[in-house]
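Asks: Full structure from sequences and hints, please.
There are 2 protein chains.
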Amino acid sequence: MAKAGDKNEAFVTEITPRSEDFSRWYTDVIRRAELADYSPVKGCMVIRPYGYAIWELIQQGLDRRIKATGHVNAYFPLLIPQGLLLKEADHVEGFAPQVAWVTKGGDEVLEEPLLVRPTSEAIIGTMYAKWIQSWRDLPVLINQWANIVRWEKVTRLFLRTTEFLWQEGHTAHETAEEAEAETLTILRLYKEFCETELAMPVLEGRKSESEKFAGADRTYSIEALMGDGRALQAGTSHNLGQNFARAFDIQFQARDKSLQYIWGTSWGVTTRLIGGIIMTHGDDSGLVFPPRVAPYQVVIVPIPRGDWRETVLPHARQIAADLRARDVRVFLDDRDAYTPGWKFAEWEMRGVPLRLEIGPKDIEKGQALLVRRDIREKIAAPREDLPGRIVDLLAAIQQNLFERALRFRADHTTEVSSYEELKQVLEGRPGFVVAPWCGSAECEASIKAETQATIRNLPLEDTAGGTCVRCGRPGIARAYFAKAY
Amino acid sequence: MAKAGDKNEAFVTEITPRSEDFSRWYTDVIRRAELADYSPVKGCMVIRPYGYAIWELIQQGLDRRIKATGHVNAYFPLLIPQGLLLKEADHVEGFAPQVAWVTKGGDEVLEEPLLVRPTSEAIIGTMYAKWIQSWRDLPVLINQWANIVRWEKVTRLFLRTTEFLWQEGHTAHETAEEAEAETLTILRLYKEFCETELAMPVLEGRKSESEKFAGADRTYSIEALMGDGRALQAGTSHNLGQNFARAFDIQFQARDKSLQYIWGTSWGVTTRLIGGIIMTHGDDSGLVFPPRVAPYQVVIVPIPRGDWRETVLPHARQIAADLRARDVRVFLDDRDAYTPGWKFAEWEMRGVPLRLEIGPKDIEKGQALLVRRDIREKIAAPREDLPGRIVDLLAAIQQNLFERALRFRADHTTEVSSYEELKQVLEGRPGFVVAPWCGSAECEASIKAETQATIRNLPLEDTAGGTCVRCGRPGIARAYFAKAY
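Residue numbers (the working numbering), protein chains in the order written: chain Z, 12 to 496; chain C, 12 to 496.
Take these hints with a grain of salt, some might be off.
Which copy is meant is left open, so a pair is good if it fits within one copy or across any two.
[Stated by the list, open to error] Only pairs whose alpha carbons sit at most 30 Å apart, straight line, appear in this in silico DSS-like list of lysine-lysine:
1. K354 to K389
2. K389 to K459
3. K53 to K115
4. K53 to K141
5. K434 to K164
6. K376 to K223
7. K98 to K434
8. K354 to K141
9. K98 to K164
10. K459 to K434
The hints are simulated quantities; they were obtained by calculation from the structure and are not laboratory data.
Computed from a prediction, not measured in an experiment: that's the story for all the values here.
Replies: Below you can see the structure in the form of structure tokens.
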């Protein structure tokens, strides 16, 4: 039954330990666990079924929240005429270098080249100009699930790829206040989603001027902290003010009959969230998935003793059926070609939150053995109400992963008051470094050049104070600095 | 409260009656009901929220069935290197004229142009060659939900657009028999889905050689009949044999240790199904949606008498809440700016299966008035167990729409034995014309040139017989001819 020296067995042990080389560990574990693969197209990845299942769970959890806040889904064209991009000056400057251009259709060379969408403000703004006439048509609250192409020079699986998947919300409002409220509603929705579903704590805050979206008045972000102490921008929410409304002529007749420009927002999260999950929770043995987004929450490994297919397997099948009836995602690994030991290592590497072992002795004792992925605890659980126990354990694992990540962040967040201190902390695996900042782009740029750290964001409820860590002028905010993905 | 002469009121009455001009009715109703809109991109449409909601319901119903038959979802790149398309000769011949080409990324002119995927056999085949090593890896049963671009000369909303949405399954098998079984499993799955969810009867059958997919051994299709007597190809399932396996070198070590090519299939349905729903069920007043794919299954119109916001509206809200608790999709139209009469016409046009009217008198009598969209029957229903009654009525409407469409198809299917008869029937709104065919591409092409009718498909369980309606040689099949979209 053992397949010693098997190619697959070698695969499992081949992962670079996380503690040794975080970056190689990340790539190794994604490929070995078959979450994704490189494709023959430069910078584009294939999301394999085990990875795509996570995206489907993210979509479900997020789509439910987006709809519960009054938004509806729609679909806009992938290809956008060049002329539309050119209408908003900051927008074209920000995105033109990253655009993939369609210049030919069939045999015909196009008079006007088409962009493969790098984001959809231009095409959606054009349609909104057509659809919105009166204040009665507002607000327009539309979201889209779509693929995006941005010509990237350096790519990394899930985190930065030439094509990626995302959702993008685009809304139009009657007043500036409503647009700001929407921008913050979504920011909080993203935060709650990441923390509840992905067990990934995030900092919500406002981006500095130099880091804001091309064409926005204000950009807010949520920032997570990865296991190597680098930050990951996990989602953004933009208050577009009237910039796109003016560029695309999105006007409406106001209550007082005057003609007004709408106030816009846009916001999105992408498949990079999958990278965030991996880098927040993984360990030397591989992936650790929070139960709520785990493709399989429980793997059942029957112990093959004697005529186990007649004695053990029916029990394993019954447990799997009972769990499915409780909406638990379960995989029963009854493959003959692999040993239990191989399966344990394999499913540990693949991050399944809970392993259930059952053999002849367990059946005699009326129990099953449960092994938690997060803390490796082994629990002999009575067969009676096993599904209830498992549902509770999954909730406990979800909670523990979140708390562990919160503690990690607390342990890797340092308040500093001098530039020397800031530079010192930023060596190694620093996490967030919090320091007063004067608000000038110059200081921000110098710090970036000298330490590679960027301002991730400025907390929403902030008490300005202290003096800028770089120039000594009065601070306008306590900025969160970090090296980032 | 009335808004006579209102722009929107005019809109509702502006639809060309279906009986007068089917084609204009189709476009009118899509745009007035805000299912979709033209975009500034040639041949591309915007799917608006009311239309996209139908696609989401189609996705849910189909995704559930695809997964229940053992398939998993994944995602492959949008952009495909030109070299990959060229590997399968028939495939390139079939698709090259329809390709949108990316030739530039940022400022860089690409050495090798990239196709925007017109279908994904080439990129998926390339990955399968990498992933599949042994018979133990088989079958591979992967589906993808994606956008597709095909450069079309003549486009029509939902039915033929330069970009469309679809699902595409791509599977790899150990034997020819398994691939054929998979192809037919999916064909039956599509048929069951269309008939159960869309209330749209379809004919399953095999395509003629000249109509098969570029690169397939055999193509099967399901064909629906639209209200104007034209056929719509609603889905296809292809047995690819070993063609793509040879082109992309997808080999595996067989049980006998020999190296073998896999046997492949691919299959898909698209957003054109939405066009099929519209043209199967609609009438002079507009859309008629089968309840299972209706964005709203029930619209509640409170009758505004007296202080209705205090007296009627709470009842309407309670009914809406009760219906939602039963998973009924309901819209409570409590807008002040429109009269009940306007709302009745509007929601009729928008195809909502059931209207619920409630006013002070209904409340006195302890009832609500229900109006069926399909047969316009009015039912005074007691408040007691209203949700149960409504759930039953929705099922009855679904069933009635299917049976009505079946009768329509039976009334518009004609067996003919002479070419004169075939030509005669094919004038006007003929539906399917069934006639023996000798199997030659020449006869097929002549019939098409002379009547505009194509062979839609050849029934699966067919008894050959008779003589070819065109040439008089022995028939190999009873072919279903129709003018088609």
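Asks: Can you tell me if K98 and K164 fall within 30 Å by alpha carbon in one copy, between copies, both or neither?
Replies: both (26 Å within a copy, 28 Å between copies)
Asks: What label fits K354 with K141 when the C-alpha limit is 30 Å: within, between, both, or neither?
Replies: between (58 Å within a copy, 23 Å between copies)
Asks: How do K459 and K434 come out at 30 Å by Cα distance, when the copy is not named: within, between, both, or neither?
Replies: within (11 Å within a copy, 77 Å between copies)
Asks: With identical chains treated as interchangeable, where does the CA-CA distance between K354 and K389 reach 30 Å or less: within a copy, between copies, both, or neither?
Replies: within (16 Å within a copy, 62 Å between copies)
Asks: As a check of your reading, is K434 near K164 (CA-CA no more than 30 Å) within one copy, between copies, both or neither?
Replies: within (28 Å within a copy, 61 Å between copies)
Asks: Can you tell me if K98 and K434 fall within 30 Å by alpha carbon in one copy, between copies, both or neither?
Replies: Neither, since 42 Å and 55 Å both go past 30 Å.
Asks: Under a CA distance limit of 30 Å, which applies to K376 and K223: within one copy, between copies, both, or neither?
Replies: neither (61 Å within a copy, 60 Å between copies)
Asks: Please sort K53 with K141 into within, between, both or neither, judging by C-alpha distance up to 30 Å.
Replies: between (37 Å within a copy, 17 Å between copies)
Asks: Quick one: K389 to K459, C-alpha cut-off 30 Å, is that within a copy, between copies, both, or neither?
Replies: neither (46 Å within a copy, 71 Å between copies)
Asks: Between copies, within a copy, both or neither: which fits K53 and K115 at Cα up to 30 Å?
Replies: Both: 20 Å inside a chain and 13 Å across chains, each within 30 Å.
Of the hints listed earlier, those the structure fails to meet are numbers 2, 6, 7, in rising order.
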